[in-house]
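Using the hints provided, position chain B relative to the given structure of chain A.
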Amino acid sequence: MHSVFSRRTGRVAAVLALSLTTALAAAACGAKEEAPTTPAGVAADKAVSLADFGGMDGLIAAAKKEGQLNVITLPPDWANYGEIIDTFSKKYGIKVNSDNPDGSSSDEITAVKTLKGQDRAPDVLDLGVAFAISGAQEGLFAPYKVAAWDKIPASQKDAEGRWFNDYGGYVSIGCDAKRIAVCPQTFADLKKPEYKGKVALNGNPTKSGSAIAAVYAAALANGGSFDNIQPGIDFFAALHKSGNFIPVESTPATVEKGETPISLDWDYLNAGYAKQFAAKGIDWKVAIPADGKYANFYSQAINLDAPHPAAARLWEEFLYSAEGQNLWLKGFARPVLLPGMITDGSAQADLVAALPKVDGEPSFPTPAQNDKAKADLVANWAKALAG
Amino acid sequence: MPTVATTVSPSVPDTAPAVSGRAGARPRRSSATLAALPLLVFVTVFFGLPMVAVGVGAVTVTDRATDTTTLTADNLTRSVQGAYLDALTSSINLSLITAALGVVLGTLLAQAVVASRLPGLRNLVVTASGVLANFGGVPLAFAFIATLGISGVMTELLNLTEAGWSLYTPAGLAVVYLYFLIPLMVLVIAPALDGLRPQWREAAANCGATGWQFWRLIGLPVLGPSLLGGFVLLFGTAFAAYATAAAMVGSVLPLVTLQIADALSGNVLIGQEGVASALALDMVIVAGLVMAVYLPLQRRSARWLR
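Which chain is which? The protein sequence lines are A and B, in order. Under the UniProt record's numbering, the first residue of the first sequence is numbered 1, with each subsequent residue one higher. Under the UniProt record's numbering, the first residue of the second sequence is numbered 1, with each subsequent residue one higher.
Just so you know, not all the hints are guaranteed correct.
Listed next, the stretches of chain B that the computed footprint assigns to chain A, with coverage defined by at least 3 CB atoms under 8 Å from CB atoms of chain A [unchecked claim]:
(1) 79–87
(2) 141–149
(3) 241–252
(4) 268–280
I should point out that these hints are in silico values taken from the structure, not numbers from a laboratory. Here a beta-carbon is modelled for each residue, glycine too, at the ideal position from N, C-alpha and C.
Chain A on its own, in the form it takes in the complex:
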């Protein structure tokens, strides 16, 4: 018995030793070099504004020296990110490594934690606001204030500069006008019997940010509020019962096939599809429902341990320049600096005119309201829609 035991421990020790060596080897080859010091005498990964680099030229020089930028979960067909990455890369001669383009916010946070200290860790993040707030609380992000900092509304940024909102849009109803005689304009319209088997979300609201936004918007349209998402859940439960709601997650492919002829999604995604589909003979119409206007923004953050700290900061400066903001606008997203840019004329008028129309200023739920809505949704969604 004793010998059997010792043999087993020997084997366990061998396995442990093997995994330890592998882990060490992996850590060693991914080790990060010390960040260089800027002309102003501040290490690039400690720089909190352009001044620390001695201005834009200093930042560009430092970033070019690093030569690379790691981005994560930026789908090329999402808010024009494809063109944004290309333009940045060509303009500054920096290679952009795009990882996991279809991932989620929690994938980004996981990557920051698991790849910590490696040179393939993400430099910059594009997160849902709730993830930006919780990531900042965990101390994962580097504080940095872009040149346009003062123009970002106070409600759209962290006071310390650990995250700042970048672009956003409204929940909208996309509709295939070739298959649907009269396109729905409001949430109330969606209940009509003529839309039986036609209405889809672009994901599962317990997982997808845009799908939960659609439920929030439906709540606002049906007597709910930022404090009460339940009417939205009830709305979709009723739609499911009447057969109008189909649980297929809409994608460009399902839209093209006609499986999801009505799809609730961010207006910039629906508007982007419209442009993409026009070439294929699909007439994709986008309406922002007047009875349930819900807008939300995504946030930018810089990884505290970014392997390319200067390139990361240059990327943010680029995004918040007129050029970067107009590129988002080209993707039908509403950049955070848009109101000021319309006033000072730096927003491209044709792009502004192409945005889906909406009246009034958007308002946003507080983080606490958001958290409560999510908890309610996770607890009640499945039960309400079962059967």
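Only chain B this time, still in chain A's reference frame:
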């Protein structure tokens, strides 16, 4: 067997000295253990370590601000309550029903092919089954959506919607699961059906047994272990399926695999990794229970094969 390796591994102290004439017995066993070492290492690294990680994740919670980890039963308690319990139940129900249907239909199909005694047909069905049993995930879901979805080809051709058909229900999902479960069952059961010798049937017929009596008293008891094994395999496959269900009914039918994905990687929930681990542990326990029922039964039925 001729005497194989007489090399006694010196590093193994308890190996009995080789007895002349029966030199093979002891050393053969130790060299067999040695040969299995890569497998054991593989199992430890790819099953054991993740299992430990899941176990630890399920019973600990890390305070995000102070970065301290404490033991807790919260995750496990939450994983068997409310929406999570519903998901677990509907996963088990769906898996039981589809596995049972798969066993019955797969066995009938395999028996038809084996009984036909056409080698060409048999090869065709077995090869096709091998392919189809591995055809799952999103491509399968989209194939069904295009065929039997709301604006699917067959749906429109046969007016199935008027007949009450909807792909996006538990029944619809069961149909899609059967698409890969039945071929899997054919693969598992065909060799066992081959093992039913025609002579047994002839002998039974000579003694005056009817076809039903043959199957009840001889055929099914002999097939028992294979049928049970097939059922467990099918249950596990259906229980662990994720991508197909996610693409088809992700937002209305709660399944435990979907809940794990929601908790682990999404744009909505934050800090739910512990619950995901607890759910995974629940799945392991369910699978373990199924195995615990299966093993004694299998041992009992196996005596027919001796």
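Here is what the structure says about each hint:
Against chain A, the region 79–87 of chain B contributes 4 residues with a C-beta closer than 8 Å to a partner C-beta. That satisfies the three-residue criterion, and the hint holds. Beta-carbon proximity to chain A at under 8 Å applies to 4 residues in the region 141–149 of chain B; the threshold of 3 is reached and the given coverage holds. Coverage of the region 241–252 of chain B by chain A holds [criterion: at least 3 residues with CB-CB distance below 8 Å; count 7]. Given a C-beta distance limit of less than 8 Å, the hint that chain A covers the region 268–280 of chain B holds, as 4 residues qualify and 3 suffice.
The earlier numbered hints are all upheld by this structure, with none contradicted.
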